[in-house]
Each structure stands twice: as C-alpha cells, then as structure tokens.
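Participant: Given these sequences and hints, build the entire structure.
Number of protein chains: 2
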Amino acid sequence: MGSLANDTALEINGSAFSLNPLDPEEFRRQGHLVIDFLADYYKNVHKHPVRSQVEPGYLKKILPESAPNQPESLETILDDITNHIVPGITHWMSPNYFAYFPASGSTAGFLGEMLSTGFNAVCFNWMASPAATELETIVTDWLGMLLALPKNFLFSGGGGGVLQGTTCEAILCTLTAARDKVLNKIGKDQIGRLVVYGSDQTHCALQKAAQIAGIHPANFRAVRTFKSDAFGLNPEELRKVVSADVVAGLIPLYLCPTVGTTSSTAVDQLPGLCSVAAEHEMWVHVDAAYAGSACTCPEFRHFIDGVEGAMSFSFNAHKWFFTNLDCCCLWVQEPQALVNALSTNPEYLRNKATESQKVVDYKDWQIALSRRFRAMKLWMVMRSYGVVNLRNFLRSHVKMAKLFEGLVLADERFEIVVPRNFAMVCFRFDPNKKDQTGPELHWVNELNRVLLEDVNSSGRLYMTHSVIGGGYVIRFAVGATLTEERHVRCAWKLLQEHAEALLGEHKRLQ
Amino acid sequence: MGSLANDTALEINGSAFSLNPLDPEEFRRQGHLVIDFLADYYKNVHKHPVRSQVEPGYLKKILPESAPNQPESLETILDDITNHIVPGITHWMSPNYFAYFPASGSTAGFLGEMLSTGFNAVCFNWMASPAATELETIVTDWLGMLLALPKNFLFSGGGGGVLQGTTCEAILCTLTAARDKVLNKIGKDQIGRLVVYGSDQTHCALQKAAQIAGIHPANFRAVRTFKSDAFGLNPEELRKVVSADVVAGLIPLYLCPTVGTTSSTAVDQLPGLCSVAAEHEMWVHVDAAYAGSACTCPEFRHFIDGVEGAMSFSFNAHKWFFTNLDCCCLWVQEPQALVNALSTNPEYLRNKATESQKVVDYKDWQIALSRRFRAMKLWMVMRSYGVVNLRNFLRSHVKMAKLFEGLVLADERFEIVVPRNFAMVCFRFDPNKKDQTGPELHWVNELNRVLLEDVNSSGRLYMTHSVIGGGYVIRFAVGATLTEERHVRCAWKLLQEHAEALLGEHKRLQ
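Chains as they are written, first to last, in my numbering: chain A, 6 to 515; chain B, 6 to 515.
Calculated from the structure, these hints are not laboratory results. No residue lacks a Cβ here, since even glycine has one placed at the ideal position from N, Cα and C. Please note that a few of the clues may not be correct.
[Said to hold, decoys possible] According to the in silico footprint, chain B covers these stretches of chain A (three or more CB under 8 Å from chain B): (1) 192–204; (2) 230–241; (3) 339–349; (4) 393–405; (5) 466–480; (6) 503–509.
[Unchecked claim] Sample of chain A residues at the chain B side, in silico, Cβ under 7 Å: (7) Pro76; (8) Ala133; (9) Ile143; (10) Cys173; (11) Glu174; (12) Arg418.
Facilitator: Set out below in structure tokens:
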C-alpha cells in the first residue's frame, strides 16, 4: 500500500502526478495554480459577457460521453475551464452584475471556505469538531449583536443562532418546529387544519416549505398587498384572512413577514403583523434574506423594529454580507422547539459530550445530519474587514443605488416604480407617460421586456425583472463586490442607448 | 466610491490591506498564504490528536465577546487558527482517522470546491449559470455509468442525476415526491394513512425525513433485522409488516433499503425487497451513502444488483469518493415526480431558457432554491485521477481493512462481530470468550466502551462504536485519504496495548 500512497509518481503532460490524492506538495503546487487562475479571473471578469450567452446543450457537444480512465493534468483541466466552462458561467462576480440579488463574495469569505474545505470536518455534532460548533455559537452571537437582535435570540440570552445553507432550509426547519409544537398539543392527525401565511410578495421558499412539511395546499395563504402600502403586507389584511380561517375551523400556524422582498425590497411592518400573530399564538419567522445585512447599520436597523415579537429571524450572509455561498444565518428564541422537531439520537452518534448536555449538537437544528464548518468564513469576514468597513461597504452600495435612482429620475422617459429602501432600484421605461391601463400597460410591459432582453443579450450588464401590481419592472440591484460608481454610470448609459434604439425602431415600424 | 473600491490601502501589522474586499492582487497574496497553510497542515496532520481533546466551552473563554470594529490581518487570523481552532478540530483528514465513515477529501476535490467558491455563481436554474447545470447533468451521467445504473436513471435514458448536500436531503426530496404522487391520486387529506419503511439498521435520516414530510409518527416502521441475515433487512419480515399495515387500512408509501448500513455496512437484499414493494406500488429509494463508491468497482457492483426495481438511488461522493464535503449524488427514474413536488415558478425567476423546456432547472429537484456549483469538484475528481486510479484507491482501502481484519482474527482475545463487506471492520475485545448473555454481555460491552474511550483519549487514533444485536462493537473504518498500511498496523498495536493494560488493571482490581 505504501507504494500506492507515497512512492509512485507518474508523468502527465510533463508534470509529476502523485498517486496519493492528497500529497501535500502536489496539493501546494496545484493550489497555487488555482489561486493564480482565480486572481486572474477577478482581474478580467469585467471582460466576460455577464449573462452567459451559450445555448442549451452547448456543453454536451464538447465533453466526452464518459469519465476518463486515465488521469489528466490540472493544466489541461484549467484550459478546459477557460475554454468551455467560463463561457457557460453567468458572472455573479462581475462588476456589471446587477441581477436578482447580489452574491457578494470576498477574499475573506473565499479563504474561510478554503479552510473549512481543507479541514473537511463533518460537523454534525460538537464531538465531530468542537471548534466548528463553538465558533458557530460565537459568530452568530456576534452577528446577532450587530443586528441588535433582542437578547433572547442569542445564546447569551437563552436562544441561539445556526448557519444553514439557504433561507429555504431556515423556513422549512422553523415551520416544522412550529408545526410539531402545535400538533404535540392537538394531535398529529390534525395536520390538515394548520394554515401558513405570507403575502403575494413573499419568496416562493415559503410555499415550497409548506408543501414539503405536509401543510395542506389549500391552507397556504398569499395575502394580497397594495401599491398604497408599497407592497408591504398590511396587518389589517392579514387579520381579515386569519379571522376567516378561524371561523372556518382552521388553525393559524405560521406567518412569514419579509424585510426586503425579492421583487421590490418591500418591508412588511413587523409590529402590527406580530400583534395579529400573537392573538392566535402563531409562530412568526422574519425573512430578511437580502436586507438583513443592511440592518447591521444603525441607520437601517429600524426596518426590523418589532422583531422582538417574532420567534425566529434569518438573513443570508451569502447575499450581501461578503460571505461566499452558502451561508444563511438563522436565530431562534426557542432552540428546544427546533430540537424537538429535528433531533435524532442513534447509538452510533452517542458520545459523552452530548450526554453531558453542555454542548450544542447542530444536527438537531437543521434538516441534514452532515454539515460543513460554515462559521469559519463568517468569522474571517468579520475579522478581516471589521465592523466599520463592513458597514461602509454596505453604505457604498446603497450610495451607488441612490446614484442610479437619481439618474433614472432625471430622465423623464423613465420612472421609479416603488420607493427604494436599500441598494435595489425598481424602474421602468415609459416614454409616453400615459395612464397605464389596458393596451397601454401591455405596451409598456412589452417594451420593458424587450429592452431588458436587449441589454442582457449585449453581455455588458445583467439585470432581471419582476412584475409588481401587474406592471413589468426592471430591477437594478447593486451589491457585486467589484462594482464601482463608474460601472453604475456605464450601466445607465448603456440602458439609455438601448432604450433610444428601441424607440427609434418602434417609430420606424409605425 | 472609486476611492472605497480601489485606491485606498491601509497598513495592518505591516502588510498592505486593501479596502476592496475582492482586490485581485490581495486575493492572490492571501490565497497563496492559505494554500501554504493547508499544505503544511496536511504534512503535519498526523501529529495532532485525532479526536479533539478540548472541553465544552473552551473557545468562548478565548475569543472576544463581540466582532472587531477594525480589520485584522490574515497573518493574525491564521495564528489564531493554529493556536485556538486547530486544537478544537477533530481531524477527519488525519491518516489515523478511522471513525464514523471517512470524509475522503482530495486535492482535486478541494480545488474543485475552490473554483466553485471563486466563481460564486448561485446556480438555482440553468440561466443563472448554464455551465453548472450542464456539467451536473454530464457528471451524474458519467458516474451513473461507472455504477452501471440502469439506463433509465440517466439523462440519456429519461431519468437523471442531481448533486445535493446530503443523503438526508435526497431522502426528504424523494419521499416528498413519492408522497405527493400518491396524495394527488387519493386526496391531500389522506396523509395520515401513508407508511414509511426502513429497518432497525437504517440511518436516522429516514425517520427524520418522514417526520419533516408530515408522515404520522405512528406510521414509521423500523423493521427488525437478525444476526442470521447479517443484519440486512429480510424481505419476508418486510412483507409481514406491510401486510399488517394494509389490513389496518394504511397505505405503504416508501421503502428505504440500505447498501452498507452505518452500524455495520450490512447490505439489504434489493431484489426481494423491491418485489415486496412492487406489490404495493411503493417508492423504493436505495441509500448507498457509504458503499456506493465501492460499487463503481466491478467486483463490488453485485451489492446493488436489483437497483433496477428502485425509483431512486443515492450515495455520498463526500464519504468515500475523494470529493470534499458536501456532495450527495442522487439519481431518479422519474424526474417529473421530483419536479411536481418541489417546483416553484415565481415571476422574478422566469426566463426564456426555462420556457423553452430545453433545460433542467435544478431548483425543482431539491429543497433549496440557491445551490452551489457542486459538479465542478466531482468533475475535477474524475478527471484528475481517472477511473482506473479511483478504483485502485478504493481497493487499497478495502485491502487495508482486510489487513486489519486479519490482525484481529489472529488474536484470540478479539472477535469480528459481523462479516466485513467493504473497508470497515466491526470487532470487539472479548478475552474470556464466554457465552455473551446477561452479566457477561454487560461486562464485555462495558470493557469495549472503556477500551474505545481509552484509545480515543490518547489522541493517537479515532474510532467510533455502535451497538448491534445488543452487543457493543468497535468500528474501524478505513478511508481517510492519507491512511497507509503503516497507520493501520500502528492502530492495531495501540489497540492491543490498551486492551492489555485494561485487562491488567481489571485483574489487579479483582
């Protein structure tokens, strides 16, 4: 075996290839190559079309039909990545990326992921790697304090935080905890009576979680929102829907208000919503997936005022907190509710630390048993940049969004559709400025759809859309780490050019 | 803004600190530092206690109570990792790691994760990064062919594969698909009648998934296994339990046989079990989390004979296929069943590619919306080592386990508890060799418990335990990438020494 592990080396494309798949010196050599590859990628990422321009099925035509029998060198593989993979990537790290929400990776976030991937510990319980669990309890408390979360969401106050992959998981876990808490009282066969509430602006993660957790599909409520509330969920609308359910013999279970909706970064007003929920002993989970990051700045903290009325709160550090994918931070006031719903205790995982009850076993706070050492990257982000800089990075994005908003407002052919709360601007091209109903609305929607597709097809920037209140809107989300003011100005110029060209063509055709 | 992004640099501990958190040259400099840090870690990992020896709460005493306001240098952070984090890590990458199942990371697996973390694309649908989706369809077909899966599990045969985080997720997704397939026929209010089946050896993931998916807790069956079947699930035992449920008016829904159980790597016999399941139109999901890797070798393929009778199959490439955490490979015969249960279609994700129906949108094959570019690492593992070497790596682990088995068999004070199928040996210390019932069984169990704790406390190797058929067993799982024959021989020597010392002490006390 010794020969397999250390002694044999093989020549491929002129470079030594060790047959030990974790030979430290070969790891070092190859690791340096990939670091340089990625540093060069960041240096040149603005040159790639932001949205990939490949056609469905492009890669199948290029790659072999089966895995190679013999090893290939890293150099060969990196060439293939450059030639065949990079063109198929939509460059979320490009400074010209303004689509969806950002995935604001950073050097520290990347290095933290490297370290956790390098240690490769499977951190299901404390014993499997005490540092991973303990660092997670520490950084979630740090971050909770930055958000000025009520003390009972922190370990130091009897609650606690956990790092999951995505908001979808955070919602599913808390919904399962809420469900079992109620069913343990009223009987497991009553599941068909439980009702879950969001708004028509709530992320699709809520409906999916409800579906997975076995909530009857007829018992999912997307309460309507209105332009007069800036598409935030109105507590009185919620109250009407809940009351009707109660009259019908159903049981209100779970409410998921959003701080920073996906379509328009609307903010549901937590205090009023939590009051309605409290009347029915509902579990309130606050989804601040995108906007939670901004709420670490004192001037934005008011958006989560009222969170003390919620049972749980989550945001994605991988969206706008400089932490590479994936890292969703979830805090709960009552960890035992999660543990009751999600714990397992097989013999092969029994250990003294667990039995001492002095440790957290995070497997009981999430869906999966196995888990990565995610705390490492969040810790590195906070230490490498410091709170002062992290807040300034966020503010710089907000400032750039304000700049863009100003440019839109200054051009009378465009309009801002909803108020800007954070670093995302919702706008549309509306050169006629007529009353947008009937055929006119249809025409404006179509115009914006075509404009967006034109711009994205140029490869020079990438934005996405939504439909709010029946109107098509273009979303301009600032937050890619490499974005600077000049990219925002260029984006606006490009948009104007495309809009003018489109209008010219339209007039020519009339 | 330009000044925030590029121009300002700050001196920390003597090294330049750019205020752009993704400055390419600072990324390069810091990336090289971390690569060297990790290469040195692998070089010296055998020197650390394998199982961390820290006490609960150790880290809280060391780290500050809140996040730092000002940035700290990478050099300072790496020092802290060396001094405070590494002692709290249980070293899954140590050559002396024989606990649980392995997490067999490799250089290629690490580099693949680096690249995917570096691109930081959020690959929820095809459009969000076509290369990620297309590479995933290609590598899961490659791997499915290596496993000689029936053609209808591959994209090329109308099925398809997906990379999820863990088996827990794979089970939850397929169970949800199975559940909704049945409930769509018989009515959503019939959820209380559905029954899920595993054995008393099935991984706790099944029970947890059933719980999350809203299966009534009274309808979860852990069918008993017997020593005479080597703790594999016997189809006749299953039939009895299923028949009783049918008589009671319940509906058999989902069966999860295991190929390579966690406690003892027992193999449930698929053909007979699938026959029973077929009589009741149950969904069969084969969990080969650990042993699936070995089944890529022709000589082990027979362990999954009968998989053609299953609806889905999964194994963890992060366990024993040289792919760093996390990477669970799931194949399904009927992707549409997953999509029906898990799809969402919000306006903000609508795009031409999806509407063309020519692409896969993996968000509809899993719990979460956001997903990492996991295919990259699996592709790099297969290409960097080639099929021939991958199989030989696996065989070398099996050979080392056989070696250990031989050493145990040659010492009459020890016994092998169940037949070894793969690279894990279940044994116990039983110096008296008496009939193991009553007080004698208790004494032997206690003896092994103390022996295992002694050995693990030494820090020189790490094994874990299980209880099978009432008897405490020590599990010796070979598979850490750096393990060589000499480590196995040392482990055995250490075990013998501790066993002898324990026996000496026991005699002294009598």
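Participant: For each hint, tell me whether it holds in the structure or not.
Facilitator: Outcome of the hint check:
{"no.": "1", "hint": "192–204", "verdict": "holds (count 4)"}
{"no.": "2", "hint": "230–241", "verdict": "violated (count 0)"}
{"no.": "3", "hint": "339–349", "verdict": "holds (count 3)"}
{"no.": "4", "hint": "393–405", "verdict": "holds (count 7)"}
{"no.": "5", "hint": "466–480", "verdict": "holds (count 5)"}
{"no.": "6", "hint": "503–509", "verdict": "violated (count 0)"}
{"no.": "7", "hint": "Pro76", "verdict": "holds (4 Å)"}
{"no.": "8", "hint": "Ala133", "verdict": "holds (6 Å)"}
{"no.": "9", "hint": "Ile143", "verdict": "holds (5 Å)"}
{"no.": "10", "hint": "Cys173", "verdict": "holds (4 Å)"}
{"no.": "11", "hint": "Glu174", "verdict": "holds (6 Å)"}
{"no.": "12", "hint": "Arg418", "verdict": "violated (24 Å)"}
Hints 2, 6 and 12 from the list above are not met by this structure, while the remaining hints are.
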